[in-house]
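*Asks:* Okay, here's what each chain looks like letter by letter:
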Amino acid sequence: MSATDEHSSKDVENAIVRQAEFPIGIDLYPLDEERRGWADWYDRDMEPEFSALADARVWLVRIFVSWKYFEPQVGQYDEDAAGRLDAILDMASAHDMKVLVSLFADDRLAEMTDVPWGKRRDPRTDDYLIQREISLAQRVVNRYRAHPVVWGWELANEAFCTGFKSESDIERWTTMLRDAIREVDVERPVLLGVDPETLYRTTGVDARGAIDMNEYAVSHLTAPYRVYAAEGPVTSGPATYLEGFLLRAAARDLPVLVDGVGVQSLDFSLAEEAASIRTSLYSALMNGASGVMVRRYRDLETEKREPYFRDPFEVLVGVADVEGEVKPSLGEIKRFARVAARVDRRRYQPAPERVAVLMPAERYEPLPSLAGLYGPRACLQAYIGAKEAHLPVDVVREGDELGAHHALIIPSAMKLSPGTWSEVAAFVQGGGSVVMSYGGGDTDPAVREVFGIEFLGDHGVRRTVSCRVAQPGVLGELCSFDARLELPHFALLGHGGATIVATDATGSPLLTVNQYGQGKAVYIAAPLERALAQGDPWAAPAAVRDLLRTVYESVARAAGAGPIVDCDTPEVEVAVFMGEEDDIVIALNHSPEAVTAMLSVERVVASVADARGGIPADVGGKTFGVPLASNGAAALRLSYS
Amino acid sequence: MTARSSQVLMAEGLARSEQVPAAVEACYDALAVNDAEPFAHCLLAHLLLEGDFYDEAIAEATRAIELDPDCSPAYLALGLAYDRRGGMWDQSVLVWHELAEVVPDLVTAHVQLGEAFAAAQFEEEAIDSWKRALELDPKEARALYNLAIAALKREGMATALPGFRKAGELDPSQDDLFFALLGIRSAPDRAVDPAKVREDRDSRLGAAALAARADDLFVTAELVRMVLDEDPDDADALALAAFTYLKQEAANEAMACALRAVAIKPDLATALYTLGVVYSRRAGLSKHAARVFIAFTKAASQHALAHVLLAESLLGLQRYSQSKKAYRVAIRLDPACVRARFGLAAVHLTEGLHAEADWEVRRAAYYDTRRQGLFWRLYDEYAEGGAS
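So the sequence lines, in the order shown, correspond to chains A and B. Position 352, counted from 1, in the first sequence is what our numbering calls 352; the numbers after and before it change by one each time, with no gaps. Going from the second sequence to our numbering is simple: count from 1 and add 1000.
Simulated from the structure, these hints should not be mistaken for laboratory data. All of these numbers come straight from a predicted model, not from anything done at the bench. In this text, a Cβ means the ideal position worked out from N, Cα and C, and glycines have one as well. Worth double-checking, as some hints may not be accurate.
[As the list claims (entries may be wrong)] Non-contacting residues of chain A with respect to chain B, defined by C-beta distances greater than 10 Å in every case (computed):
#, residue
1, D114
2, K119
3, G560
4, V601
5, E602
[Claimed, not checked] Just the calculated beta-carbon pair ranges, DEER-fashion:
#, chain 1, residue 1, chain 2, residue 2, range
6, A, E477, B, P1194, 50 to 60 Å
7, B, E1351, A, G579, 38 to 48 Å
8, A, G441, B, D1202, 47 to 57 Å
9, B, D1128, A, V461, 37 to 47 Å
10, A, G441, B, A1180, 36 to 46 Å
11, A, G419, B, D1035, 34 to 44 Å
12, B, D1202, A, E477, 38 to 48 Å
13, B, R1371, A, G441, 27 to 37 Å
14, A, A20, B, S1301, 49 to 59 Å
15, B, E1381, A, G403, 58 to 68 Å
16, A, E477, B, S1301, 19 to 29 Å
17, A, G419, B, R1371, 39 to 49 Å
18, B, S1301, A, G579, 40 to 50 Å
The task is simple: from the sequences and hints, build the whole structure.
*Replies:* In structure tokens:
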């Protein structure tokens, strides 16, 4: 083979293994050792990092500009800093990689935004400092605007944005910085590196307005949010659905970059780190992300001190150890990149999400209302229930457009606005289906009209969920059971026209269904999703989870929003990318146990092949088994007869 | 006694009756009147902790301690919130240390301090704390479990197993299981008088079981003897006799009675339980114990502890994957089963799953501390101006 042939075959391989619409990236932090200072900003040989990343088919790196290093004195810019940045961009270019430049970031180590002449004024709100930030941003952008290696500009990362105190402050800052960049570069995307949900949880600031000013949204699972929403092991249970949930919640007419992929502390074994990264990457691809950014390349070498100190912004753990030896996680990224490259968005379209979990606006209520704290957890449990029923599910917020969906889940909401009630009523009347569970307190008069039930009062706390099926088959194959689960509320319901599908042990309605207009309205008399979230989600009673899953699936099917691919294993998440001639099905095992999932499709499958290539296996039927290792994933190309 | 505002008293009442949303609102009402009210902040911390809202609980507990450094219930809430949130072990060590000084006889403070030390990789200090807890209360099962886990990490399962067995023997819920199988939930209010028991088999057996529940083993033995005099092959009576012997550490007699009962009624849960427990306490009979407990879990499948006993016997045989399955069933049936959580943590450690093991230990700690209702004890003492 001649050198030219070799080169061209490599180009072809690169073309296949890189998907321009789905960047796979990683953060390269300025410092990899805690003992080093801010002036050591990227003062290291980065060639091994770029080589390893290019080999793993990572083609986007995020670089963090240090304001302190670039502008040591007011208006005086350090040429060494620019030189170092030039060298990084040249190195990225040499490895055929792209760079996302983060302009104002905080990593709690390199003091990047801590300019000594700032005199402790807040760079987020102080007019003078904002003007200096604009100058720096324009200087950097202007220098590299013609450089093809730059993929985009990130205004700030989440750690920096946690300093904002109000919506108006973050919107003002974003507007000014974004406009300043747009004066110089009108092409490359600009983004604000914050997740609206996690930032709100941390600061109480709703950044959605600021995010919407940009070209990309970001979904970023932080360590505190993980503890809040899905505390526990990272490789099993609710935690493995959390990134998908946040991604769905962040997607609001903008492409979403899933940021900060990877474990958040050094507590985990290498195998656990790899399993966590695998789950996050596949979850991102399956839930419609437009790219992924892995948390860090090299582990941070911390000072030798005890007790072990964890960085509050969780940038400790990378895909290579402190010696630079790559971990199994990088292998996972490489394997994932090959899969992602084959899911060509121009050829394969993700199956449309016809089911939505509605996050009520009460989520934004501060204490003493507990709705703001309960809401996201209940929504996560509803999302998991829908995923376990293999429904193509989305997360919408109260006030968002419902028209694209056929079925709606409103989990354990205490109240909805009158406008939302009108929308829900119109939605059901127009043929949509809705499942709502009681969230406590008085119910809206619309409940009587839409759900056909009379609210008689709250029976209060119960320690047991009892279900006695009165109408078998009406809402799927429900079973009677008694399960130990603390219910904070139980609505006593009177007859208002709805069919009682199941009752509690005393005959009080637990589950009702009402035909309203052309659609179905199902009411659950207890906040089951909240009870699951507030109990022990890792040891939730199987019977209660089965009930939710069965109800969701039944309602979605009735509305024409059932699973595209059926699966007999609830813990296996399935996503379908539909093509003209064939489909790609991705299956992800959320359990730490190996399973063989039986998938069923509507058409006869002629053959199944690994999406990355390989010999097709003949099927000749509508059902086939997919063996999945613990936390394993499989991407299959389905050819039909 | 420290004066509390009427709003605080109202919040307190609501919190005690588990009306969380209303109690939170009442706390805010109290703070609207007086923002420097440590009771309100402390109550709020407890309520938010009950809802697993750790960051909010930390903020409120910290504020209560700022307002009154002797507010012991706030230390408890703060320490628990730090532990459950994770990643804040250094602060957690300080808080538990402080609480152990403020309330020196609080055993749980020493156990929690040990767990915080262990999480911060201070193994020696952790072991010292658990030993201190055992000095205060030799029956503190959680300290024993933690010591067993520490032994497992350092020296392996062979060293850890005796610790697990000893902790299991201290578990009072094991007797509860036996009586639950007989349909008895609590001890009788009055002592059983054999002279007043009707002279039929069922009445005698029922009274014998009640007497056993009240630890009156002489009466139990007398009533059981009467039943067996009439029918020596009464399996229920034999099982109860076996239990009575077991309680008196007469293992051979217990084994003989239980074996006879099982021979007569192979699926009698009480007999299987007693036989399994006797086997599990005898060296070299672990395999027999596992077999009996397999049958026992079928006869008492809805009892979490039945699966725990099976899991423990399998652990002794080093059949870790089977043991894990049994522990998981137990936790599914009863998430608050501390014994199952620690056992599962041990299995995870044998598989190298350290993060999962840590999670189970943390969950065990959570349920164990919650079960004790310590907050209200400390709160009442603080309100009375007692321990603080």
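*Asks:* Would you mind marking each hint as holding or not holding in the structure?
*Replies:* Verification of the supplied hints:
{"no.": "1", "hint": "D114", "result": "24 Å, holds"}
{"no.": "2", "hint": "K119", "result": "29 Å, holds"}
{"no.": "3", "hint": "G560", "result": "35 Å, holds"}
{"no.": "4", "hint": "V601", "result": "32 Å, holds"}
{"no.": "5", "hint": "E602", "result": "34 Å, holds"}
{"no.": "6", "hint": "E477(A) / P1194(B): 50 to 60 Å", "result": "54 Å, holds"}
{"no.": "7", "hint": "E1351(B) / G579(A): 38 to 48 Å", "result": "41 Å, holds"}
{"no.": "8", "hint": "G441(A) / D1202(B): 47 to 57 Å", "result": "50 Å, holds"}
{"no.": "9", "hint": "D1128(B) / V461(A): 37 to 47 Å", "result": "41 Å, holds"}
{"no.": "10", "hint": "G441(A) / A1180(B): 36 to 46 Å", "result": "37 Å, holds"}
{"no.": "11", "hint": "G419(A) / D1035(B): 34 to 44 Å", "result": "36 Å, holds"}
{"no.": "12", "hint": "D1202(B) / E477(A): 38 to 48 Å", "result": "41 Å, holds"}
{"no.": "13", "hint": "R1371(B) / G441(A): 27 to 37 Å", "result": "30 Å, holds"}
{"no.": "14", "hint": "A20(A) / S1301(B): 49 to 59 Å", "result": "56 Å, holds"}
{"no.": "15", "hint": "E1381(B) / G403(A): 58 to 68 Å", "result": "59 Å, holds"}
{"no.": "16", "hint": "E477(A) / S1301(B): 19 to 29 Å", "result": "22 Å, holds"}
{"no.": "17", "hint": "G419(A) / R1371(B): 39 to 49 Å", "result": "45 Å, holds"}
{"no.": "18", "hint": "S1301(B) / G579(A): 40 to 50 Å", "result": "48 Å, holds"}
The structure is consistent with each of the numbered hints, conforming to all of them.
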